[in-house]
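Chemist: Quick note on the numbering used here: the sequence shown kicks off at 151 and runs consecutively.
These aren't lab readings, by the way, just hints derived from the structure by calculation.
Check each hint, because a few of them may be wrong.
[To be verified] Ranges between beta-carbon positions, derived for each pair:
(1) P224 <-> T173: 38 to 44 Å
(2) G182 <-> E162: 20 to 26 Å
(3) A222 <-> L194: 23 to 29 Å
(4) T225 <-> R188: 44 to 50 Å
(5) R174 <-> R210: 18 to 24 Å
(6) E203 <-> A160: 17 to 23 Å
(7) G187 <-> T225: 43 to 49 Å
The model shown is predicted, which means the values in this text are computed figures rather than measured ones.
Note that CB positions come from ideal geometry on N, CA and C, so glycine has one too.
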Amino acid sequence: MQQLDRVTQAPETMGGRPSIRGTRVTVGTVVGRIGAGRSVEELLADDPYLEREDIAQAPRYAARRAEEREIALPTA
151 MQQLDRVTQA PETMGGRPSI RGTRVTVGTV VGRIGAGRSV EELLADDPYL EREDIAQAPR
211 YAARRAEERE IALPTA
């Protein structure tokens, strides 16, 4: 499984939403732009402080989160 070292989460950055390397660019923003048909080159031009690997990790992170599930534990 590939490492997701460019996605960070901190309460003081974007309200704790997953973002790219502590910037104000969230994973959701990147994934949404990709879903809207924007190319990697367009994303890099829109946000010049992003790198190709940042953009590559955003959908991998989103896919991993989509596969997570919450299991309720019985209380005693």
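Chemist: Which numbered hints are broken by the structure, listed smallest first?
Modeler: When the structure is compared with the hints, only number 3 turns out to be violated.
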